[in-house]
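Q: Put the two chains together into one complex, using the hints given.
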Amino acid sequence: MNLTLKVWRQKNADEPGQFVSYQAKGISQDMSFLEMLDVVNESLMTEGQEPIAFDSDCREGICGTCSVVINGAPHGEQKATTACQLHMRHFNDGETITIEPWRAKPFPVIRDLRVDRSAFDRIIQSGGFISASTGGAPDANAIPIPKPDADTAMDAAQCIGCGACVAACKNASAMLFVSAKVSHLGVLPQGKVEKDRRVLAMVNQMDKEGFGNCTVTGSCEAACPKEISLDFISRMNRDYAAAVVKSAWNQS
Amino acid sequence: MLPDSKIPSGPLASKWERHKFDLKLVNPANKRKFEVIVVGSGLAGASASATLAELGYQVKCFCYQDSPRRAHSIAAQGGINAAKNYQNDGDSVHRLFYDTIKGGDFRAREANVHRLAEISRNIIDQCAAQGVPFAREYSGYLANRSFGGAQVSRTFYARGQTGQQLLLGAYQALSRQIGLGKVQMFPRTEFQELVLVDGHAKGIIVRDLNTGALSRHAADAVVLATGGYCPVFYLSTNAVGCNVTAAYRAHKQGAHFANPCYTQIHPTCIPVSGDHQSKLTLMSESLRNDGRVWVPLKSGDQRKPWDIPEGERDYFLERKYPSFGNLAPRDIASRAAKEACDAGLGVGPTGYGVYLDFADSIKRMGEPSVREKYGNLFDMYERITGENAYRQPMRIYPAPHYTMGGLWVDYNLMSNVPGLFVLGEANFSDHGANRLGASALMQGLADGYFVIPYTIGHYFASHTQHKPSTTHDAFGHSETQAKARIDRLLSIKGNRSIRSMHWELGRLVWEKCGMARDRAGLEEAIATIPKLREEFWHNVSVPGEAKGVNVALEQASRVADFMEFAELLCRDALHREESCGGHFRTEYQTEDGEALRNDEDFAYVAAWEHQGEDKAPALHKEALDYQEVKMTQRSYK
Ligand SMILES: Cc1cc2nc3c(=O)[nH]c(=O)nc-3n(C[C@H](O)[C@H](O)[C@H](O)COP(=O)(O)OP(=O)(O)OC[C@H]3O[C@@H](n4cnc5c(N)ncnc54)[C@H](O)[C@@H]3O)c2cc1C
Ligand code: FES
Numbered sequence: 001m002n003l004t005l006k007v008w009r010q011k012n013a014d015e016p017g018q019f020v021s022y023q024a025k026g027i028s029q030d031m032s033f034l035e036m037l038d039v040v041n042e043s044l045m046t047e048g049q050e051p052i053a054f055d056s057d058c059r060e061g062i063c064g065t066c067s068v069v070i071n072g073a074p075h076g077e078q079k080a081t082t083a084c085q086l087h088m089r090h091f092n093d094g095e096t097i098t099i100e101p102w103r104a105k106p107f108p109v110i111r112d113l114r115v116d117r118s119a120f121d122r123i124i125q126s127g128g129f130i131s132a133s134t135g136g137a138p139d140a141n142a143i144p145i146p147k148p149d150a151d152t153a154m155d156a157a158q159c160i161g162c163g164a165c166v167a168a169c170k171n172a173s174a175m176l177f178v179s180a181k182v183s184h185l186g187v188l189p190q191g192k193v194e195k196d197r198r199v200l201a202m203v204n205q206m207d208k209e210g211f212g213n214c215t216v217t218g219s220c221e222a223a224c225p226k227e228i229s230l231d232f233i234s235r236m237n238r239d240y241a242a243a244v245v246k247s248a249w250n251q252s
Numbered sequence: 253m254l255p256d257s258k259i260p261s262g263p264l265a266s267k268w269e270r271h272k273f274d275l276k277l278v279n280p281a282n283k284r285k286f287e288v289i290v291v292g293s294g295l296a297g298a299s300a301s302a303t304l305a306e307l308g309y310q311v312k313c314f315c316y317q318d319s320p321r322r323a324h325s326i327a328a329q330g331g332i333n334a335a336k337n338y339q340n341d342g343d344s345v346h347r348l349f350y351d352t353i354k355g356g357d358f359r360a361r362e363a364n365v366h367r368l369a370e371i372s373r374n375i376i377d378q379c380a381a382q383g384v385p386f387a388r389e390y391s392g393y394l395a396n397r398s399f400g401g402a403q404v405s406r407t408f409y410a411r412g413q414t415g416q417q418l419l420l421g422a423y424q425a426l427s428r429q430i431g432l433g434k435v436q437m438f439p440r441t442e443f444q445e446l447v448l449v450d451g452h453a454k455g456i457i458v459r460d461l462n463t464g465a466l467s468r469h470a471a472d473a474v475v476l477a478t479g480g481y482c483p484v485f486y487l488s489t490n491a492v493g494c495n496v497t498a499a500y501r502a503h504k505q506g507a508h509f510a511n512p513c514y515t516q517i518h519p520t521c522i523p524v525s526g527d528h529q530s531k532l533t534l535m536s537e538s539l540r541n542d543g544r545v546w547v548p549l550k551s552g553d554q555r556k557p558w559d560i561p562e563g564e565r566d567y568f569l570e571r572k573y574p575s576f577g578n579l580a581p582r583d584i585a586s587r588a589a590k591e592a593c594d595a596g597l598g599v600g601p602t603g604y605g606v607y608l609d610f611a612d613s614i615k616r617m618g619e620p621s622v623r624e625k626y627g628n629l630f631d632m633y634e635r636i637t638g639e640n641a642y643r644q645p646m647r648i649y650p651a652p653h654y655t656m657g658g659l660w661v662d663y664n665l666m667s668n669v670p671g672l673f674v675l676g677e678a679n680f681s682d683h684g685a686n687r688l689g690a691s692a693l694m695q696g697l698a699d700g701y702f703v704i705p706y707t708i709g710h711y712f713a714s715h716t717q718h719k720p721s722t723t724h725d726a727f728g729h730s731e732t733q734a735k736a737r738i739d740r741l742l743s744i745k746g747n748r749s750i751r752s753m754h755w756e757l758g759r760l761v762w763e764k765c766g767m768a769r770d771r772a773g774l775e776e777a778i779a780t781i782p783k784l785r786e787e788f789w790h791n792v793s794v795p796g797e798a799k800g801v802n803v804a805l806e807q808a809s810r811v812a813d814f815m816e817f818a819e820l821l822c823r824d825a826l827h828r829e830e831s832c833g834g835h836f837r838t839e840y841q842t843e844d845g846e847a848l849r850n851d852e853d854f855a856y857v858a859a860w861e862h863q864g865e866d867k868a869p870a871l872h873k874e875a876l877d878y879q880e881v882k883m884t885q886r887s888y889k
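Those sequence lines, one after another, are chains A and B. All residue numbers for the first sequence refer to my numbering, where the first residue is 1 and numbers rise by one. All residue numbers for the second sequence refer to my numbering, where the first residue is 253 and numbers rise by one.
Next comes chain B alone, as it looks inside the complex (with noise of 0.2 Å):
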């Protein structure tokens, strides 16, 4: 059974602060004695960690990298978005919320978007107090630029190093706590398991990733903040350690995972160049305010860029979205450059990309403006590609980026395991089915400063589980069971190698349940995946032992993972039979190839229950309700 949600009662525009009032606090003095464990040092699990600490809480902070200030968060270019209306230009709080509930495209829930949009304004000024170094106009005011499916200008950034920025801040209030004795931090660090006491999670078991040793430790309350699964599908522009391993493993010790078959793919990535490839690179959103996208008017059509007349291009979004153009949201942008490429109009080598083309812009603005705006990008493309963008477009094409599933939440980001929370792209909270640009950052640091803080004391002064012993029959049973996994990865001793077993998983589940889906695709892919697991189980080659340093055990640790949860996606997009932001089923469109969603009977999150390996896992429906807004189709023509 799903829990309740807990979504306040009262008008959308109150519910939040009323909650705060309603929430119950934990007195000053006592909130040392409550302990809390934080899987994740990125946007999400900085800042919760951070603010936690500040607050009173005993703190302990676990990520895999060699230090918290290299998680994911700090590959974010392009900003993060703030209804402050600085600009003037009509933005407000209901704008904000309004279209990020559209760019869901009405999968989201009402009343956790509009709190988002009520926060994002409390982290601008937290970011700029911490020393972010936002950009700014020449009066020493904040600059903002627009993004993807917003009209108004609402971005903050820094260059085109946003996350690094944010991140920084956050790494930086979080070392200060780590310095006062109030974090204790674990860097090198992966989870195995999740403990729960008597119903409630109250620990976790993890590996040292210098020395192989597990460890147990508990809590009052354990919060993931894990990050995104993109790497289910091979290659995305996710860092080649992201994973899905604490999610999944959660869900198997029962948190329901929602709404897995909601994936981004991000239209600006460098293409494909060869088999070779460990990952994607994206270009910033952000080009796409002055950036051209467009591709040949004839297919086959082998002249130089420069050398194709005006008349003779095709600018497509421009053609086909007029008022939104080039900033049309990104499952739309995405889905019009696979048409154009799938009908053989696309550019380079493969076939697969579109030009993203800057020569308008360089005219009007000159070079150094470009340069200014976007240089570190350009030298990027160059790197990559060796290719000059100041000279020649850009060739672009959309790849997997960031998975608006995760696992169920209520309003406190709860899940239903008691005193389980998850934070940021871990949980599915609040970008429906497509998640507009500059809002993950803006839900990270909102989850991690804003909500927890407040929910989590809620939680301690609920219940009277405390933090059991780390001697208590549950932790050994977890500790077993995790070595009992690296084991026997250890004994395989097959002749697969594992990114071979990754590709080929990665390969499958993008032809079948990446931009386009259908039914027979997917029900071969469900046929399929139990078949490349067995192989997997059977034969891959895991070298090396459990004690010290070993990268083929961690790699494979995290493959095995997406072997189970791979099959989870399938069934999710398999299941909904409509099509919705970023989940596209060929069955489900509009005359004009538009997503058609079918209200009647998918306007519902897809809360899955693992019921035990090889197992159907079992759907609950939590009804969307939506007060606010209307639900309607979508237009950005």
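Just chain A, with the same shape it has in the complex (with noise of 0.2 Å):
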């Protein structure tokens, strides 16, 4: 099939970007959107033009790396996929595309679709963990975790970190990616006795890189390719609300 795309093409974050058009010719319906570009690519660069930077390296969904944002849905309108997994066989031939990076304060961007999404990795540096240096673990039988918590913390610690849930955003919140880390950690024994900490600390960091404000629209969840659920949220503001409380009564 054939397809125009509109390309959001940006020298670096001090210039102006805009839309370039392309024809996208040849395509098969077994490709992948990456693949697709590839194709756009190819042609491209052996006619000594630039490609257009964008993102990936598993494309298999689950490394996080992709990030585009195709006809206003970021990673395109197909459920639980993302851009990497997203195949040709969904679009139309003689369709119009309109490819666009993640578009949110907190992740400027570099080159065309490529963005700096360092934020999120400085919000798991302020306590996006658990403090078990190497070496000190007891048996790892020694904890037994009851099933249910453990399937409830692998359902958060699914998150991918591509972001997606802040393009999607109309204030950039980052509460679903924030959640989830919160809850994967909090649920588990071995994250409880630094609960409180952490969540104080990821979302103060938060807060800081900029985020929006959640107001609990539920477009992230909707756009999230490994279904985060809103719960996390919910869970999130309980145990923060519950720490601040905490923490005034401790310091009082």
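Incorrect hints may have been included.
Said to hold, decoys possible - When the alpha-carbon atoms are kept at most 27 Å apart in a straight line, the in silico DSS-like pairs for lysine-lysine are as follows:
1. A:195 to B:434
2. B:799 to A:105
3. B:283 to B:719
4. A:192 to B:434
5. A:11 to B:745
6. A:6 to B:799
7. B:272 to B:258
8. B:434 to A:208
9. A:170 to A:11
10. A:25 to B:745
11. A:11 to B:735
12. B:615 to A:147
13. B:572 to B:556
As the list claims (entries may be wrong) - Quick list of the computed label-pair ranges, beta carbon to beta carbon:
14. A:208 to B:870: 55 to 61 Å
15. B:465 to A:108: 16 to 22 Å
16. B:875 to A:26: 54 to 60 Å
17. B:829 to A:148: 55 to 61 Å
18. B:887 to A:227: 52 to 58 Å
19. B:467 to A:222: 40 to 46 Å
Hints in this document: simulated from the structure, not taken from any laboratory. Note that CB positions come from ideal geometry on N, CA and C, so glycine has one too.
A: Written out as structure tokens, the structure is:
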């Protein structure tokens, strides 16, 4: 099939960007969306033009690197699917497709479709871990974990940190991302010890990075390729409130 | 010359304990005076960086992705082995050791593999403490499953995303140290050159992938944990950015490359659908626990799979290997699938596919149980192929997946270049000629959490060479070299696309040095690769400039290294006149088509020394001395 692409091109963070149209010809429906972009890039490069910069690595929906907004939807309309796993069989011959980077203040554009998501790393650095240095761990079966808790932790831990939740949110809120990590670690007995400290530090860092407030529109959950549930946001709100009360109590 | 492999003396089971005692220590207060460069943030690099920083060393960690959390380890699906014997099914350190040695077709070092089996237990403890959400039984205790090449259930897993969860555990430990200021992290930064000062590895030159700037970094030691080289085949299950750059450039600086021809072709991948493909997708080997592999008995059978009655199907793995059946090791299962397809029995549009059928399991345990175990894999299969594997069998075909070969290291994981350590898939150490499923994650974490923290201190305590200044001539020289390579790539301005050149190389290597190899094919490849290289350096198109983001330059620079490395791979395959594990030379097979080893002449590690551009590399042999295990013909029948 043949398609028209309207792609966001921007030389660097300082220069303004604009949409540029490209023709994608002879696209097979078995191609992934990114393979379709590869085809366009290959022809640009053989003509000596610079390729469209976009991020990808695993191309199987797990590393969270790919990050393009397709026709207004982060990773495209297909449910529970990253852009690298989205296949061209979901598009029609002759269609025009708009392709943009994640748009959120805390994720500045580096070039074209590449953005800087280091704010997510800094949030994890602020407290998204269990402080268990190598060496001192007890036998792994010493602390049994009820299966439902282990399953809930895993549901939250599946987050791939791609940032689609932020890109989908009109407030650029990072609540889904942060709450997934807070919940993953918080429901496990090993993570309970640092629970309060963790949620306070991570929420604080999230605010510092300039992510917006959550007004529970649910667009993050809808855009999440791993279907992380909004329930984790409510859980984090409870954890946060409890931690604030406790820390105030401790200070008084 | 090859230095001593430093394998400790004494009985196998106590070598590591004893060695740990014999290793010199660095006093806790002195550790912060030592700086370590770690290239790579996968399981090996992240676990090493975190642990070294916890000990007090100053660490700088580098990766090419935009975040250390995205290293390719994230994609591992099936699980991680450990000799916990939680199932009481007869597992032990010795059995894991034996299975791994045998799985590697008796081409790994006994001492390394035994250490790996011992440490495997600590890894699971460490990961559970970090909050890795392993699968659990209703009792709350850890669940296990079985994996290819073993008859016990010793594989720990987190749904179909074990690598993701283990890597996030290591990434979180690393993030904690970054937050504490103990590790300085450099994402989107690519290794360019290794810097040697007085023969010791003392620094690196890197390129910032956002700004294009080259920079110098000096340290007391350099650790490479840069993963495997599968994309030399172009199509593989690896991430598109995986590369041989750091390992190969270190090789050109003097580090020996060991057993490059030991490459693993994984039996259960989604078949190739067309020339546009950028990668192949693995379907976890765990599927072989409940899926049955078959092809039609008659060639050219065009019926739908469900219309083919039982009696007209060949469950070839069950037939050929009754005791391991569908769980035969990867090299064996891959070759069997290739043979079936070469005999015209393959299925799907290209004829290069075999069925992996879940109908019996769905009947036996019900669709919900199958969904619970493998749901995400079935979903992934449907997303890519548009087919529903609950209703019809999956189609699978082998694809390049893992590389057992890598930089040569001694028992301390140090290469022949003093101060250069190599961890994870980037080294050659533990898997011999074939890696068993669920053992790469184990090795990466063993190296990073539990081996390097001990052995690097010994190097620091035994040498007086310290971190040089980045104004040392050696840095200037290496930086000039890196800059010259970049300028040269940008000045070619030819008209071949980088992808087409990579594709052509990969196709050649796959055909001549893939699942089956022979002398004539390898000689042809060795004659053709220099021509491709020539074509690349004269006619490839790398637009843009050195400054700022340049995707084309990133790709071209990696492909350039594959263009050289491919020749080394084929040379190693040519010289090894035997079949073992993933290295199958059609001239050397048993009557029933199994790999025929030649222990008399080839029971050694082949370590190649770079002799200069366009010169044949020199071969060094490290004899494999087996004291515990008898080398036998592998049998999975
Ligand atoms: C699809 C798939 C499934 C798998 N499933 C399993 C499984 O179930 N069980 C199992 O045991 N094993 C599995 N494996 C194998 C296993 O995942 C890998 O062998 C292992 O994770 C490698 O870890 P590593 O740390 O050595 O390297 P990687 O995780 O590959 O990390 C390499 C690091 O080096 C960095 N790097 C690379 N090149 C450069 C450069 N030039 N400059 C700067 N930085 C660089 C990267 O940024 C990255 O951080 C699987 C592999 C694949 C591909
Ligand atoms: S490239 Fe890894 S998730 Fe898309």
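Q: Which of the numbered hints above does this structure break?
A: 18
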